[in-house]
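There are 2 protein chains.
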Amino acid sequence: MFRNTNDTIVALATPPGVGAIGVIRLSGSRAIDCINAVFRGNDLTQVDGYTVHFGKIIDGKRVVDEVLVSVFKAPKSYTGEDIAEISCHGSPYILQEVIELLIAQGARVAEPGEFTLRAFLNGKMDLSQAEAVADLIASTSEASHKLAMDQMRGGFKKRIEALREELIHFASMIELELDFGEEDVEFADRGELTRLVNEILKIINELVNSFRYGNVLKHGVYTVIAGRPNAGKSTLLNKLLNEERAIVSEIEGTTRDTIEDVLNIEGLTFRLVDTAGIREATDQIEQKGIERTMDSVLKSSLLIYVYDSARLEAENVQKDLEMLDASRIPHITIANKSDLLNIGPSQVEEHWYMSARDDEDVQDLKSHMFEKVVNEIQTDGDVVVGNLRHLQSLKESKGALERVLNGLDNETPSDLVTMDIREALYQLGLITGEVTTDDLLENIFRNFCIGK
Amino acid sequence: MFRNTNDTIVALATPPGVGAIGVIRLSGSRAIDCINAVFRGNDLTQVDGYTVHFGKIIDGKRVVDEVLVSVFKAPKSYTGEDIAEISCHGSPYILQEVIELLIAQGARVAEPGEFTLRAFLNGKMDLSQAEAVADLIASTSEASHKLAMDQMRGGFKKRIEALREELIHFASMIELELDFGEEDVEFADRGELTRLVNEILKIINELVNSFRYGNVLKHGVYTVIAGRPNAGKSTLLNKLLNEERAIVSEIEGTTRDTIEDVLNIEGLTFRLVDTAGIREATDQIEQKGIERTMDSVLKSSLLIYVYDSARLEAENVQKDLEMLDASRIPHITIANKSDLLNIGPSQVEEHWYMSARDDEDVQDLKSHMFEKVVNEIQTDGDVVVGNLRHLQSLKESKGALERVLNGLDNETPSDLVTMDIREALYQLGLITGEVTTDDLLENIFRNFCIGK
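Those protein sequence lines, which keep their order, are chains A and B.
Residue numbers are given in our numbering: position 412 of the first sequence equals residue 412, and the series is strictly consecutive.
Residue numbers are given in our numbering: position 49 of the second sequence equals residue 49, and the series is strictly consecutive.
Honestly, the hints are just simulated from the structure, not real lab data.
Hints should not be assumed to be uniformly reliable.
What the hints assert, rightly or not - 25 Å max Cα-Cα, derived SDA-like pairs, lysine to any residue:
{"no.": "1", "chain 1": "A", "residue 1": "LYS56", "chain 2": "B", "residue 2": "GLU266"}
{"no.": "2", "chain 1": "A", "residue 1": "LYS395", "chain 2": "A", "residue 2": "GLU166"}
{"no.": "3", "chain 1": "B", "residue 1": "LYS146", "chain 2": "A", "residue 2": "VAL38"}
{"no.": "4", "chain 1": "A", "residue 1": "LYS76", "chain 2": "B", "residue 2": "ARG40"}
{"no.": "5", "chain 1": "A", "residue 1": "LYS61", "chain 2": "B", "residue 2": "SER141"}
{"no.": "6", "chain 1": "B", "residue 1": "LYS158", "chain 2": "A", "residue 2": "GLY55"}
{"no.": "7", "chain 1": "A", "residue 1": "LYS73", "chain 2": "A", "residue 2": "VAL52"}
{"no.": "8", "chain 1": "A", "residue 1": "LYS73", "chain 2": "B", "residue 2": "LEU68"}
{"no.": "9", "chain 1": "A", "residue 1": "LYS61", "chain 2": "B", "residue 2": "ALA138"}
{"no.": "10", "chain 1": "B", "residue 1": "LYS76", "chain 2": "A", "residue 2": "ASN42"}
{"no.": "11", "chain 1": "B", "residue 1": "LYS202", "chain 2": "B", "residue 2": "ARG328"}
{"no.": "12", "chain 1": "B", "residue 1": "LYS73", "chain 2": "B", "residue 2": "SER29"}
{"no.": "13", "chain 1": "A", "residue 1": "LYS146", "chain 2": "B", "residue 2": "GLY17"}
{"no.": "14", "chain 1": "B", "residue 1": "LYS61", "chain 2": "A", "residue 2": "ARG159"}
{"no.": "15", "chain 1": "B", "residue 1": "LYS239", "chain 2": "B", "residue 2": "LEU268"}
{"no.": "16", "chain 1": "A", "residue 1": "LYS202", "chain 2": "A", "residue 2": "GLU166"}
{"no.": "17", "chain 1": "A", "residue 1": "LYS76", "chain 2": "B", "residue 2": "LEU68"}
{"no.": "18", "chain 1": "A", "residue 1": "LYS299", "chain 2": "A", "residue 2": "ASP339"}
{"no.": "19", "chain 1": "B", "residue 1": "LYS56", "chain 2": "A", "residue 2": "ILE450"}
{"no.": "20", "chain 1": "A", "residue 1": "LYS299", "chain 2": "A", "residue 2": "ASP325"}
{"no.": "21", "chain 1": "A", "residue 1": "LYS56", "chain 2": "B", "residue 2": "GLY154"}
{"no.": "22", "chain 1": "B", "residue 1": "LYS146", "chain 2": "A", "residue 2": "GLN96"}
{"no.": "23", "chain 1": "B", "residue 1": "LYS56", "chain 2": "A", "residue 2": "THR140"}
{"no.": "24", "chain 1": "A", "residue 1": "LYS61", "chain 2": "B", "residue 2": "ILE265"}
{"no.": "25", "chain 1": "B", "residue 1": "LYS146", "chain 2": "A", "residue 2": "GLY41"}
{"no.": "26", "chain 1": "B", "residue 1": "LYS146", "chain 2": "A", "residue 2": "VAL63"}
{"no.": "27", "chain 1": "B", "residue 1": "LYS395", "chain 2": "B", "residue 2": "LEU441"}
All figures in this text were calculated on a predicted structure; none of them were measured in a lab.
Input sequences plus hints: build the corresponding full structure.
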């Protein structure tokens with residue numbers, strides 16, 4: 001588990017490797033003392049917070065580096081503790097030397113995420129905000145960046161907290177009734193409680209549904225390209241990626257393995273997966289390929305079905321779409337090779353006529369893919385859940401609240417109803433960190449970088 | 001060539017990759033304006049230097065990151081210009097976004113080393129100090145770190161400058177004589193000038209000689225292990241490195257290729273090179289191997305010759321050492337397998353008796369290697385030259401001063417003597433940057449990291 005929070009911790013905060021500068025971060029009650037003991041320059045114990053000081057890091061008489069030290073005083077700092085950030089020359093050798101000098105002064109090496117854990121423990125941010133810090137650092141696209149930034153700025157927290165407060169009020173009332181035991185008084189208006197629980201359930205449902213969108217923002221749109229052999233799937237994939245990734249060949253059934261690559265459309269990441277051609281399996285390998293295709297389709301957030309508009313009859317297209325269970329997910333049906341029919345790019349009865357060899361057609365398809373995902377997946381609410389842990393707590397909470405409603409309908413004893421309300425409160429509290437366990441904290445913070 | 005020094009420049013100063021934080025550095029007259037235009041927090045144009053400010057980086061209404069900005073005002077900064085250092089969350093996506101926002105505000109991406117170039121151009125450091133910054137960042141051992149740190153702190157500069165000033169005085173005097181043309185006056189005391197040039201030459205020689213040591217500190221001791229097949233070279237190498245790098249085998253002539261690895265002894269780096277066994281070459285491949293051994297020995301700063309003390313006669317040892325031209329370089333002659341003779345580790349007539357299989361013997365050898373190098377190579381002076389460019393200028397300067405002495409002896413016309421004094425001054429000036437050319441600056445700074 002996490003080690004003593006009274007320790008002063010130290011870690012390299014910048015990526016490893018050689019750079020112009022590297023930053024070492026110290027936090028804890030002895031942070032300023034530790035750095036001051038090896039610093040020749042201003043007396044850092046006497047300076048104001050939010051100031052920078054030039055000086056030398058010394059080891060006895062040896063000068064280890066010339067550095068800038070930024071000082072932050074508790075509670076006005078990232079962790080809420082005293083912090084010193086030491087900007088050194090970016091040599092791994094020097095950075096290691098400086099960290100060792102600070103350890104000799106009594107600091108210990110920080111665990112991953114330990115600075116942010118302290119920020120959480122000292123009330124500088126709630127748990128969902130702390131988690132957003134890790135997401136922010138890992139963000140690789142405009143969409144995942146925005147999701148993390150919104151969460152870090154607390155949008156999620158407010159909504160959940162409001163729900164919890166109302167529920168807590170009712171839970172207290174019902175518990176008060178229980179104190180009166182046999183007397184059969186009712187402080188909590190059952191009708192009002194039912195109304196509130198229904199309202200909360202509506203919001204929780206919205207949040208749960210927003211996860212699909214949030215997940216897509218965070219991890220990208222898992223996009224499966226499927227179709228019969230020679231429909232032009234690989235050509236399309238290559239055009240989309242502007243590269244020769246999949247091997248295009250005129251021999252049917254060339255593409256047996258799923259190939260994944262990433263495409264960015266208007267800030268949203270699409271993870272493209274090519275699949276083996278759909279057809280009657282004639283051997284075991286092909287049968288396996290088709291099973292894999294179905295596995296991919298099941299995981300997908302967008303299905304692109306491609307057929308050769310000059311060769312495949314409408315009934316077979318319909319048969320393929322049914323086999324792929326396409327109606328279940330957002331999908332685009334591409335009538336490929338429309339140039340052979342002398343039909344320009346167009347959309348006819350949900351079929352998207354285009355040629356995968358035509359650059360402009362492919363550009364149009366990209367815009368269509370983006371709109372398709374955003375229109376079909378986006379929720380009405382402005383708050384989006386992108387974290388699997390949050391989704392699980394929301395679902396648990398939803399289940400408990402449904403049991404509450406059920407209990408109210410069936411006049412279940414109040415103590416059982418209270419248990420379910422408590423469970424819902426507990427689960428909502430897990431999201432923001434009003435309820436925490438050591439395991440939960442360890443799980444969250446062990447995925448952080450060192451130094452954050 | 002280097003671009004306009006009036007531009008405000010921007011670059012990522014920390015290593016690329018994901019980390020807890022990443023630092024972007026801005027320098028130039030518009031540095032504060034550029035960051036202030038995209039910063040929501042304190043008005044950075046109104047704050048003092050050496051202060052830190054928390055706030056948001058915004059792109060219109062979009063929050064790109066929450067950051068800390070350190071402000072430094074000209075001339076009290078690394079470059080001597082206004083500087084802002086922006087400490088962002090360490091996502092490459094975010095860092096790129098922030099750099100692009102600053103470029104949109106009129107900053108341009110810095111060339112490698114351009115921050116340090118500006119520090120040099122603005123008189124914050126001399127050229128040898130600027131070069132030491134790059135060496136400091138690249139330092140990987142205690143020795144290379146100390147060399148760079150000494151140079152950065154200006155040890156070299158003072159010595160060279162003192163020499164130059166005395167010479168400049170004489171050069172002016174002689175040039176004054178030339179102005180008087182036919183009148184045959186002597187302002188410069190030729191005896192005094194001879195004395196001075198001799199004194200300077202003595203110091204330059206010291207500096208030139210120190211390069212061997214400086215080079216070893218900076219790049220490590222190129223250490224060649226040579227000996228006959230089965231003398232135990234590979235066993236020794238493995239023991240020194242504590243790893244199974246070279247393949248040890250009982251078949252003679254196993255090791256045909258040079259294998260290089262690095263060993264750190266008391267802060268000094270040794271680059272170990274194994275060689276093919278020395279013996280009468282029976283085929284072309286072996287002949288090539290022996291030629292390669294000789295090539296390696298020629299480059300080496302330390303030669304370790306190993307023989308099997310139980311099997312090889314003294315005269316053959318002597319023959320090998322002569323072939324390797326060992327007397328020319330610091331070398332250690334190891335009488336290996338001394339355990340088979342029942343002789344403990346000892347040094348007899350310059351032969352180092354030991355067993356390469358014995359851990360303690362190998363530890364003793366390491367200390368001996370360190371002492372050998374430090375005793376044989378170290379100079380008396382406290383200033384060490386570790387830079388090849390400096391060595392070349394010192395040698396050119398030495399050549400010019402020797403021509404001056406020669407000229408004074410042979411009563412060469414004053415204008416020719418002056419030319420050589422000027423040449424010596426020019427070469428010495430190149431070291432500290434009192435004389436510079438665009439090519440010189442470009443050569444020096446293009447090897448820097450971006451952001452420094």
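Outcome of the hint check:
At most 25 Å may separate the alpha-carbon atoms for a hinted pair to count; A:LYS56 and B:GLU266 meet this at roughly 24 Å. A distance of roughly 19 Å separates the Cα atoms of A:LYS395 and A:GLU166; the hinted pair therefore holds under the 25 Å criterion. Taking the CA atoms of B:LYS146 and A:VAL38, the gap is near 17 Å; set against the 25 Å cutoff, the hint holds. Between A:LYS76 and B:ARG40 the CA atoms are separated by roughly 18 Å; this keeps the pair inside 25 Å, and the hint holds.
With a C-alpha separation of about 18 Å, the suggested pairing of A:LYS61 with B:SER141 holds against the 25 Å cut-off. Taking the CA atoms of B:LYS158 and A:GLY55, the gap is near 22 Å; set against the 25 Å cutoff, the hint holds. A hinted pair counts as satisfied when its Cα atoms are at most 25 Å apart, and A:LYS73 with A:VAL52 qualifies at roughly 12 Å. Proximity of A:LYS73 to B:LEU68 is assessed by CA-CA distance (about 14 Å); at most 25 Å being required, the pair is judged to hold.
A hinted pair counts as satisfied when its Cα atoms are at most 25 Å apart, and A:LYS61 with B:ALA138 qualifies at roughly 22 Å. This hinted pair checks out: B:LYS76 and A:ASN42 have alpha carbons roughly 15 Å apart, not beyond 25 Å. Distance restraint check for B:LYS202 and B:ARG328: the Cα-Cα separation of roughly 23 Å lies within the 25 Å cut-off, and the hinted pair is therefore satisfied. Only pairs whose Cα atoms come within 25 Å are accepted, and B:LYS73 paired with B:SER29 is accepted, the gap being roughly 10 Å.
Straight-line distance between C-alpha atoms of A:LYS146 and B:GLY17 comes to about 20 Å, which keeps the hinted pair within the 25 Å bound. Taking the CA atoms of B:LYS61 and A:ARG159, the gap is near 22 Å; set against the 25 Å cutoff, the hint holds. For the suggested pair B:LYS239 and B:LEU268, the alpha carbons sit about 18 Å apart, so the restraint of at most 25 Å is met. Taken as a hint, the A:LYS202 and A:GLU166 pair is honoured in the structure, with Cα atoms around 14 Å apart against an allowance of 25 Å.
Taking the CA atoms of A:LYS76 and B:LEU68, the gap is about 13 Å. The hint holds against a cut of 25 Å. For a cut-off of 25 Å, the pair hint linking A:LYS299 to A:ASP339 is broken: about 32 Å separates their Cα positions. This hinted pair checks out: B:LYS56 and A:ILE450 have alpha carbons roughly 23 Å apart, not beyond 25 Å. With a CA separation close to 12 Å, the supplied pair A:LYS299 and A:ASP325 stays within the 25 Å bound.
For the given pair, A:LYS56 sits about 15 Å from B:GLY154 by alpha-carbon distance, which is consistent with the 25 Å threshold. Annotation: proposed proximity of B:LYS146 to A:GLN96 holds, straight-line Cα distance about 15 Å (limit 25 Å). Distance restraint check for B:LYS56 and A:THR140: the Cα-Cα separation of roughly 19 Å lies within the 25 Å cut-off, and the hinted pair is therefore satisfied. Using a Cα cut-off of 25 Å, the hinted pair A:LYS61 and B:ILE265 holds, with the two alpha carbons roughly 21 Å apart.
A C-alpha spacing of about 20 Å is found between B:LYS146 and A:GLY41, which places the hinted pair at or below 25 Å, so the restraint holds. With a C-alpha separation of about 8 Å, the suggested pairing of B:LYS146 with A:VAL63 holds against the 25 Å cut-off. This hinted pair checks out: B:LYS395 and B:LEU441 have alpha carbons roughly 20 Å apart, not beyond 25 Å.
Violated hint for the displayed structure: number 18, the only one.
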